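Those protein sequences? They're chains G and P, same order as listed. Just so we're aligned, residue 6 is where the first sequence starts under our numbering, counting upward by one. Just so we're aligned, residue 25 is where the second sequence starts under our numbering, counting upward by one.
Certain hints may be false.
Using C-beta positions, here's what the derived DEER-type ranges look like [claimed, not checked]:
| # | chain 1 | residue 1 | chain 2 | residue 2 | range |
| --- | --- | --- | --- | --- | --- |
| 1 | P | S212 | G | G35 | 49 to 57 Å |
| 2 | G | T180 | P | S107 | 46 to 54 Å |
| 3 | P | D81 | G | H120 | 28 to 36 Å |
Read the hints as simulated data drawn from the structure, not as lab findings. Fair warning: this is a prediction, and the values are worked out from it, not measured in the lab. No residue lacks a Cβ here, since even glycine has one placed at the ideal position from N, Cα and C.
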Amino acid sequence: MAYDDQKGLTGREPVAFVEMDFNACSLTYGTGDCTASGSGDSKCFNSYATCQDKDNFAPTTKTLRFSNVRIDDLQGDSDVPTFPTLASLSLSPTSLTPSQGLGIRSTCNITLEDHPFSMVGVDQYREDRTYNHADRGSFWSRFLTMFPYYTQNEVRVKTGFLEEDGTYDSANFITRTYFIDSIKGPDPKGRVQIKCKDILRFADKEKATVPVLSQATLDSDITDSATSFDVVDPNDDVKDAYDAGQTYIRIDDEVMEITNLTGASSPYTLTVTRATIPVVYSGSVVAEEHDEDSTVQQCHLFDNQPVDDIAYYLLNTGAGIDASYLPTSDWQDVINFGLQNYAFTSLITEPVGVKDLMEELSHHNIYWFWNEREGKVQMSSIINKVNTFGPFTDEGHIIADSVSVARDESARVSQVWMGFGQRTPVAELDEPTNYSSYYISVDADAEGSNEYDQRKIRRIYSRWLPVNKRTIVTEITNRYLNYYKDTKNLVSLKLDPKDDDAWTGDNISLSTRLIQDPNGTTPERSYLVLETNEITQAGNTTYQYKLQSVGSSFDGSGSRYGLIGPNTLTDYDVESDPNKNTYAFVAYDDRSDGSEGFPTTDSPYLII
Amino acid sequence: MIYPKFLYSTLLRDITPTFSGTTLSGKPPANATDLLDWSYFTADTGNLDFNMTEDTDIDAVAIYVASGSGTNSIELQYESSPSTYTSLKTFSAPTGTLDIEEFTGVTVLSGRNIRFVITATTTIDIRQLMVGEILTAEQGQWVSASPPAFNSGVKVTNNISQNGSVLGRSIKRLERMGKIQLDWLTDSWVRSDWEPFSAHFARHPFFYQWDPTGHPTDVAFAFAERIDAPKHSENGYLSVTIPIRMLVADSESI
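Just chain G, with the same shape it has in the complex:
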């Protein structure tokens, strides 16, 4: 039976377990490639920390498993037994802030009980020791000294259901992926706390920057007119960047372009054009004298690159996130729905945290988030609003007394200002005079006395859009305004596991008696899932959803976008839902009352 079948059964038995990976050596002590010599207690524990032949350490993955009930047959024949020591599991979900940044990232806190253990599966040489592990200390206090290098290790949290006879079937479980951030304990009560974060932690500025900080320095003082000089580049930072086509460097506040680099090894001789920046910048930089040992920082130019390619570079090359976590074909689908022209340009002249750069990109109608259930960094946009799940109703889906509705006044805007056309890449990003142009989208009606009677301004400074990208700027500000021009509903509710298909970033339709129209009916409206939290308490599982209305608090339709369709499309009333969700239809001949137009339940399109 599969998870989707089990979750709908009455009498299901929810359980959870955690898999935690560690790096262990695949070799056997003193044999084959391992040249260590010793016996008995002096042998290693197949960990790098205890390795006696580090040059030949052959890493392989050792997985530990911890469950909240005894579950047989989780592990393989050569694995460590599954410890039934999972005392608690607390999941804090990803929380979206569409087009307003990266949002809140998901974390997971795991509490495990410590215990004595024979080290079966952990210590390959336990029978050679002069002692019995079970008689010495506890598992965690010793394991962490054997395997102290655990940060960044992958953790998989699996939740699901046992079969009716209590047996385990992997098909009945879903997986969320995290990475170890810290391990605390064991404490005096014998508990170990493991804090895990999602993969975007690798983009934090203390972990990843673009470009990386250069170790290259000037070999000697240079004048403000010198066009050739030597650079000591012990790590080949400048050379590697130049070889990769990145020709700009920055010394102090001056940006130069390398026209030639010679030398077989450091120091290299650079031939440069002084005080130059890409032509998209309308400002200038000034040639200056620079002192010996001044840092020569390679710059990174994103030159009219699709925004998804930029994000991929930042996360993959910049933050080192494996390509398997970055579903670029899914990202392309998002791009293809109205973001085809989102090609951005920027020269990054100093090391900037990858997270900060992703935050900046996330202010352009796009956002990225870690989907812990898919184990992918997903991309979405505020114009991508196909309802995939629902309708969820009071009768068949929403758990009693779990609904709350709030009106989110804080996110509403009446004007969106975007500063673009950055004049020089070395000036401050939030300095208004560093931008050649501004575009303002205004909803004058919303500011009038019949509506909200106030201005609410959203300011965005974009280093990514040169002054010749005004068309895209217009799109971005208009779309942002369309999305946030009215107060939105924030809905919180709980669903049973049988209805847990919708996840963070999905759009759902919902009908609840707490949201009514003026006539007292409960319309089906579209909502974006901002966060999904699985809560397991006392043997029961529920899913807490936080939803944001796609439209306003009083009219849930929101703006409806569509591409220009192919000639093969049929009439609106007989066309498929996927096509109606993708392509724009200009009109509908009869909306059931003899008048032209869309049915009253459907919105007209904005063509993209």
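Starting from the known structure of chain G, fit chain P onto it as the hints suggest.
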């Protein structure tokens, strides 16, 4: 009055066994004697030998075997004379089994083996094996004794919709908790029999047969929740109470 029995021993745990069948590195023979229910020895057909380092008296054997399939058996033998083995007890078709069996006491001499002859259609997962001398309580238990093999409590939570429909129903098996309470114990029995047992259950689990006569197959793999010293009750007699948690045969686990 019901006189409970306890089998507790670290005899096998303290000996490194040899197995003539296939040994899996994550499920080795040592898992069958590590006094943990969640690690198990996956055995195919073979002899599991424990070589005694001193003369050892035994009169009972307990097994705790995970649910499985196939026609399997576990037979306890001892080396009655060099290379000659005498059968003491055979568990036929053990699957999901937790059992204590007594036999006429024997002494296994130093240097000779206690042997489990394992016959498996494919493999059999053995949670625990224990051999030793069984302890019978000096007095019986009262009505507060908790038969372990009754169905455990189950906590049920219904997810109800706003309009009263049952959306889903989750269950959680509750732990089997109970207590061993013995009264009117003589000082000499407590000192000679109870004290060694309490030294064991302070650290390790044990096999518990609450009613050997009326319910001989009703056996638990039990461990103490708390250790209290024996207390004087009346007229020089002592009483002991230990709260316990019990694991039962897989086949009876709910």
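Comparing the hints with the structure gives:
| no. | hint | result |
| --- | --- | --- |
| 1 | P/S212 - G/G35: 49 to 57 Å | holds, 56 Å |
| 2 | G/T180 - P/S107: 46 to 54 Å | holds, 53 Å |
| 3 | P/D81 - G/H120: 28 to 36 Å | holds, 31 Å |
The structure shown violates none of the earlier numbered hints.
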